[in-house]
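Colleague: With the hints as a guide, bring both chains together as one complex.
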Amino acid sequence: MTALLRLVRRLVAHRPWQPLLATLAIALGVAVVVGVDAANASASRAFDQTVDSLVGRATHRIVGGPGGVPDELLVELRVARGLDSAAPAVEGLARVVVDDARGRTVRVLGIDPFAEAPLRPWFAFAAGSDPAGGLPEIGPLLTTPGAVAVVPETATALGHTVGDRFEIEVSGVRRVVELVDTLRPRDDLARRGLQDVLVCDLATAQELLDQIGRLDRIDLELDASQATALETILPTGLRLESASADRGTLDELTRAFRQNLTALSLLSLLVGAFLVHNAMQLAVVRRRPLLGLLRALGASKRQVFAAVLIEAAVLSLLGTLAGLLLGVALAKGLLGIVGGTIRELYAAVQVDAVQVDPWTLTLAALLGIVVGIAAALAPAWEATSVQPRMAMLRSGLESRARSFAGRAAWVGAVLVIVGFALGFAAEGRGMVLAYAAVLAVLLGATLLAPTGTVALLWLARTPLTRWFGSAGSHAVRSAETGLSRTAVAVATLMLAVSATVGLGVMIQSFRSTVAHWLGTTLAADVYVSVPQSMATRLESHLDPAAIEAILAVDGIAAHSTYRRIPTDLLAPAPTRGPAEVELAAITPAPGTLAMFDFVAGDLDQIRAVLAAARDGVLVSEPLAVRLDLDVGGKLRVATDRGPHDFEVVAIFRDYASERGYGILPRERYDRLWDDPAVGSMALWAADGVDPDTLTERIRDALAAVPQEVLARSNRALRDTSLEIFDRTFAVTAVLRALCAVVAFVGVLGALASLQLERRRETAVLRAVGAVPGWIVRSVFLQNGLLGLCAGLLSIPTGIALGWLLVHVVHRHSFGWTLLDFETPPRVLLEAVLLSTSAALLAAWWPARTLSHTPVARGLREE
Amino acid sequence: MRRALLFMALQLAAACGTSDDDRDVQRPGLQVADVLGNGDTEGYAKALEIRTFEFPADHGAHPDFRNEWWYFTGNLMTATGRRFGYHLTFFRNRLAPPDPTASDGPVSRWRTDSVWMAHFALADVDGGRTFDHERFVRGAGGLAGVTAAPFRVHCEDWHAASDGPEELFPLRLHAEGEVTFDLTLERGRDVVLQGERGLSRKSATPGNASYYYSIPRMLGRGAVTIDGERLEVSGSGWFDREWSTSALDAGQVGWDWFALQLDGDDPADPLRAVDLMWYRMRRSDGTADPASKGLLVDESGTSAALDFEDVTLTELRHWTSPESGARYPVAWRLVIPSRELDLTVEAALDDQELDLSFRYWEGAVDVSGVRNGNAVTGHGYLEMTGYVDSR
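Chain order of the listed sequences is V and L.
The opening position of the first sequence corresponds to residue 286 in my numbering, with each subsequent residue numbered one higher.
The opening position of the second sequence corresponds to residue 593 in my numbering, with each subsequent residue numbered one higher.
The shape of chain L in the complex, shown without the other chains (with noise of 0.2 Å):
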């Protein structure tokens, strides 16, 4: 539900006139709008009730609702000690309804209405650098697109690949752009289904929702290749899969969106620990949007839904970017008194600014804090929009 908002955001960001900054205006090489479809979600399929998700067919592709992503993030350390975050994240957005009148002579295998997207960033936390890059391939002829078994999902080169038709694990990342990062992810956590079994709905209105679940916690080893140098490193993953044809709400300007990994008690099994999510939505006035929701899934793989007045979120500290003016909040207090759980969390590297076709904050966090009276520490990701002053 949140890459629905931002795909929504950029929208929004696109409707309102993209700058008249050169450098702006040539890098994306074509209208944001235009890829991210035009909000008119009529003959698509929406997401109006709670369905039965089957695997691994549902880790492959949705063709009749509008847009659709494959969303991986997560957290890696070399031996030494040296630490990088990464997102890589591939984005289906289908510009036209199907059209059962399509014209019936030789078709091209080029010919598609459907266009995708790809962004990939890692953070180098130690070097105090983001790396971002952007992709736009059009979903057809073979250089973008999804299968489900074996599941594999790319644009052109950057994929994320299982090898098997049987098993996701293991899961393949690969991304470059000025690093190259390469990261297997050997073993994670059971889907956990978001919202109601699935169903994450964004307001009252039926078909303003989502089919959304996730994997929260995936465990991996790989390399990454920085100015030349290929490190070996090790770390965690989250996995987040979406799908819907569903439009922004009037007043929501953007979000806050945490995806935690407490540190587990046990060593010799690292999946047991709580893994956390939570989107607070912002409205205009300030405000939070009582349709800010989350899930806790605990030790045990239990997992339960957060309503809005189950968390108290309170922003500490701000880092204001020098590129775009955007005052984001870096520092935070997560307090879920039901749980027992106070917990700060903390921006890795204040400036985790993506520089792309849409600017937001995606970066690696640090938590810290207090569960059931004892301290904890946990690392994650952290997505902000909506703070760029839509021009």
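The shape of chain V in the complex, shown without the other chains (with noise of 0.2 Å):
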């Protein structure tokens, strides 16, 4: 045994490239699941402390409508009911503004610095200027106008240094504010949760906010019976909802998101697996004739199956190794993408930090490692159970993988009809399924893949033949006989350059619909609205100046109003996210219906229900689908009036909110809460008014209104929402770089060693008479041809998995149906290139390697 395996390490110390390669592919593998995994994974856990740290010790909070928590409840609360643990809090983003441009979005943070201690004590103890380490100086805070506190690292990150002014943006007006105090945190979480929060007084926060009279929320520390009495004296309008309802609400506006990573993570888990799996199996293959020729020698079945596991267990282990320490480095880019994505989009959360789950590193370590050492426990075991004699022949593990690689292609072609099966029938029915749908489908391909390569390279042969004459032929013959080692390859391939089409196809598909879907919806002419992002609770409202200015401009012929509100979902009870649903209140125009594509409901009543004729309310299609609503069903919800039952009675198509939101006419709205606002407005240009020229003079009567208020023109906004949609997506677009990457260095390892082994084979070649440019030939077409091999098998697999991701796992994740399935041409000739490309490169080192090495040597190898 110590024999065998001191041969090992002889061999490794000859031959290092070959172990080199496959550790580098485990490596890769590994990597990319710690990677993708740890980026989401930190991403989440950055929500989770923004929410921890601001809750705090509170377990219940009030909340109301669109307006608010009256400033009175405070009073009620704290003066008549003697409830002191009532911490009142108001919060809303507003962007700093730099060099006269909005710059970093921050959240502004208003509460009573005094009823903080019991609930949060990281504001009770946040140091001051005090060098002990002490609190933050009240006197200033509450007495300086504009005065703010911020923790160091946002200090720094804005330019800021105590005692300096700047201005902030608060939904389009700009208001000075003063950095009087940095806040300095004990622990780490409290820390985190306040990057980019400026803290402030309660009164500063109303004022900056433009919230005067109305809190956000009221944080209360309160047991099961004083919850309950409280219940029972709330005015309608305001409801008590336990703590962990925060963090619900920011899980689910990033759920969707991280779905998506997560399902990604899932596919470098497959991609990963079948890059160490194609590793390790190709170090053995090659091994196979040395394991008969040692078994001739004397050695026992056992002996060798041993060794070649302690050789594969030591290979797994160091790139497992490698791969995770690689792993945590490909996080920390990967999360600067993902958190930028989250900042921009979702809510000024700090996400920089990487923190590596033990999970994730668990995980990629047992992928690392089993699936290595699995990988060679089939052809190890095939090679000691043959005969010795058998084992140094090549011949008969070719004829059998032959005959496998026909039997592996039904195997796979039943995955593949299944993984389809299961894909129809997850529709709705959960992330498992459609996760095992996608899983079946890529086994099912991988298993096609080596009748796939039998099939492209026969059709190969004859034109490879006449035009590169006996170094094609032998390109073709020598990849067919050596079908155990390149059928393995190219399977790998084709599996990691696939993901990198379905994540193309599934991109295309989105932006394709949603860009569609944009020209239905938008058929105003010009859209006016206020600047906000999307993690307010509450929109921003236009100046009742703003919309008066407006309406005042020649060239109108219609207009229409937007208010949308969050209110509490009584019935029925969603199937996912929190009981919540956002209402939009609309004032119709002529135009309005043409802006709805309807996939359900009569058009009558359609037009009943927008003209306040009878009640109802259209709902969203996402929203549909998380309430498991149809045309007919009731939506029972909070108003400032009380409980209120809305019927059903159309379905809509919106790629606008993952969560959904129902429509009902304004009319109706006011009539069921007191909340006058205006969030948007849409205008038609009347006839002959040129859209551009009216956006213009929209411009240039808000340029007297001292609220910033944003009018932009039908194609100004179609262009903005598929700028904003790029850049929701830009994570994907980069996992899929990532797969691109790892495609190629796959294709590159692979190939590569693929044609090294060729040692032999060549050097009796160069003894019958090849040329060293014969031989090069020979090389660079094989790997080229088998390149384009996967490169093509890749189409198909790709163009199925982006089927899965479009039609599973998002109409899932987002209630989304795309109506439209393109499979761009440039992504699916990238595919081929990428693979061909990496192909060609691996056949240059090999190439020259081959064709210089002395004739002698290569005959005497092993």
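Please note that the accuracy of each hint is not assured.
[To be verified] Computed beta-carbon distance windows for the label pairs:
no., chain 1, residue 1, chain 2, residue 2, range
1, L, Glu634, V, Glu357, 50 to 60 Å
2, L, Thr670, V, Gly367, 23 to 33 Å
3, V, Ala898, L, Asp755, 56 to 66 Å
The set of hints was computed from the structure by calculation and includes no laboratory data.
Every value quoted in this text rests on a predicted model; they were computed, and no experiment measured them.
Backbone N, C-alpha and C fix where the C-beta goes; we use that ideal spot for every residue, glycine too.
Modeller: Next comes the structure, spelled out in structure tokens:
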């Protein structure tokens, strides 16, 4: 046994590139899994920390409708009811103005410093100018106009020091704040949660955010009986919810985004597993003749088997270790992009520290080691179970590989069919089925790959022979006869490349659908809104002065107003997400109906609803999916007048909101809510008035209004929307690129080692008269051919993957039906080019080595 | 004036650096020094000359001055003789002087430059326990504040409030924490002005003084809920009022302040009795400051100021706090030869140290001794500060 291990060690020393390439492949596979998963987990954790530090010890909170929670309630709770744990909060997003432009997004958090100690000790002992690490200076915070305090990291990021005054922009209006102090929370959690938060006094926040008289919430620490008692005395329109609901809202906000990432991380797991498997299997298959020789020399089956497994274990272990390190580095890079998207689209949440979950590391390590060893098992078993003499011969293995390819193809075909069946069955049934469908299809495609390779090689034989003569025909035949190695390599590459195709197809289909939808829904000529971020609970609203100025502009034929508010969902219970629903109140214009693409509903009924002639609500498709609602169903929500039942009259397509929303006419909204605000407006140009001219006129009219209001033409808004879309999918695009890199390196490694294996074969060829140039041509041709095979095979697999992602995974995650399914030629071409160019690059070194190795030395090998 | 000193001492303690004991740091929720202002007296009104007091208006706020307080202490007893001491105080503190240039935009109802602090302590003498609580509340939006007619001072739901606009009595006190305290003060003696007709000078520096009046004896009944048990109580109390914008003199480290109520001879009118206030200011060298002063109100309600030379004060016994290590004198001999008064004052319970943002001793005391050759008894309240080493 020790003699065998010594032999292995000498083999490694002799041919370091073999184990090196195997180790690299394993490392890569493990790194991808760690990287994607850690980036995903770190983003989630950043959210949780933000919520944790802001929720603190509070068990409950009181929130309200569009009007928030009135100031008076706080007095009622603290003075009349003696609930001294009642801590108010006023929250909103703002942009810090940098060089007269909108810069970093920050969260303005107004609190009552005197009410914080029991609930949020982080504030209580947040440090101030006191060198001993004391407390913030309450005096300046209370008495300086616009006084804010931030953690030092945020001060640095903003480029401000204590004493600086700077401007922030809230709902388009600029206000001056003064940094009066830094917060130095002692615990790390609080410090992280306070990144990019401007902490200020309650009064300052109300003034900065234009929310005088209104609180966003009151946090409380209550026991169950106190909570029940409190619930009964709350005025209509206000509700008591458990503090964990806060987490729910943020979670839901990014759920689809994160689910998308999870899908990608599972995909990377699969690709990683195949890479590891491929690398190990090749390493053993390569050894087969040697194993036969060892057995012929008297080594027992068990000894040989054990030696192979030990080698596999060592390589897997080394590769896994390297992969874990590489993965953490990769996670850092990915997190930058993921964090950027989250910051941009969802909230002022600072996502920067990579936090690697021990589970992720365990999973990735298991993947590397278990798959690595398992991959070695089958070929090692095969090599030790046959007669030693047979093991030394490649022909036996190859003929069996061919017959195996045939059987595998059948199994693969069945798996693909099962996968698609699962895909159809999975619609609306949960992610596990959807992932199972993806897995089945990918496994099936992998099993089909050897047969596909054989077929493609057969097709290539004639043209290659014609164009390149004997070098061409040798390239094809050698690939065919070495099927045990080439098929595995092609299958792996195909899988890696198909991931890039699938993601490409998904993104493109999505984008195209959204673009078409925007074309329908953006039917008006000019859109007016206030700049805002998706994370705000309540949209900013248009200043009445701005509305007046707009409507006074000449050339407007019709207009429509919108107001979106979140409200309590009382029934039905959502299949996912919080019991909250967004409603949009709309004043219809003649063109309104044309803006909807209805999936279900009767047009006359819809008209009646919009005209407020009958009660009812139009719901977006994601909401219908989330609540399992159909036309005729009932939607019960909390209004300022108490619970109200809306009948679902129609379902329309919408890609703007993952959680979905309902639409009701303004007239009915005004009867049920005390909220005169208007969030945005759509305007139609009069005949003969150019929309761009109208936009300009509106902008001119708005110049006199202090609020910053965006007036955008139909086209500009569409472009902006698509831009946002592209930013949302930036992570997916990056992951796609990452898959490409993995595929590239995988192809490089696998095909390079495949060719290097042919040392003896080429030496024989050289001995019988092949010139180095012929060898070089043959090597390049074979590699190019295999790369091409992998690229071509990845197209159907990738399209199938894309279809599943679009129709199953996303339909489930977002509730979106994508009408367009596009297979962009660019993506397909990229796949083939990627695969082929990597293969050709992989030929360079082997071609050089093989054509220059002295014949005698090549023949002496092994 | 003594509470002006309490503020000053708090400021000193804060200026010397808060302790780094986690418990201490977490509890107050903010730096005491901030709440109490930074010692800058610029821009505030000052107690410069003798003024005319008007009631009920002067029960209300004097917002041009930086600090102001409403101080209620007293001794209570159940019908079965279980004894309690109470201490409920509301402090108004302004963080910044009035600013006539303040912006004119829409202003939040929570906008304020004043912070209220309230202390509530209940000494369960027989149970050997003291319960102490404090609150910091912004002086805006109706969370904390004071009105003169009807009189009501409150920090959230802790309050002292009159029923109607005309009369101070009945005056209802309420506070709760681990224990609940409700007391209705039904009647009391007339207001007495401290110092020179209410102007209590602290040093020769003009303005280094406060306006100070007291109601030295009030009678009432109420209830204490302790360990879930509601106990009916009755007893007497003392009410102190003071406002100022002044700073602590250099060299003064603390004070011992007595509010003593001797039992009267007339069971029909318990208000006809002798009440005595005395504070001794201590200097860093351990001696008493000549600025120490007092007031004696006799049975007829006639009050007379007591000066430094009038009173001899001797420490008889000490108690060392296991919590802070401070060594407090808990038994005293107080002699006023000119009044033929020789009293022994002893803490009803040694451990009445209050573990609040600022640590001090404030508690119920028993009085016994001789007046005009006759034995007298009584009770009162004692406040001692400056015994905890400033770290």
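Colleague: Work down the list of hints and note, for each, if the structure agrees.
Modeller: Evaluation of the provided hints:
Checked against the hint of 50 to 60 Å, the C-beta distance between Glu634 (chain L) and Glu357 (chain V) comes to roughly 36 Å, which is inconsistent with it. In this structure, Thr670 (chain L) and Gly367 (chain V) meet the distance hint of 23 to 33 Å, their C-beta atoms being roughly 24 Å apart. For Ala898 (chain V) paired with Asp755 (chain L), a C-beta distance near 58 Å keeps the hint of 56 to 66 Å intact.
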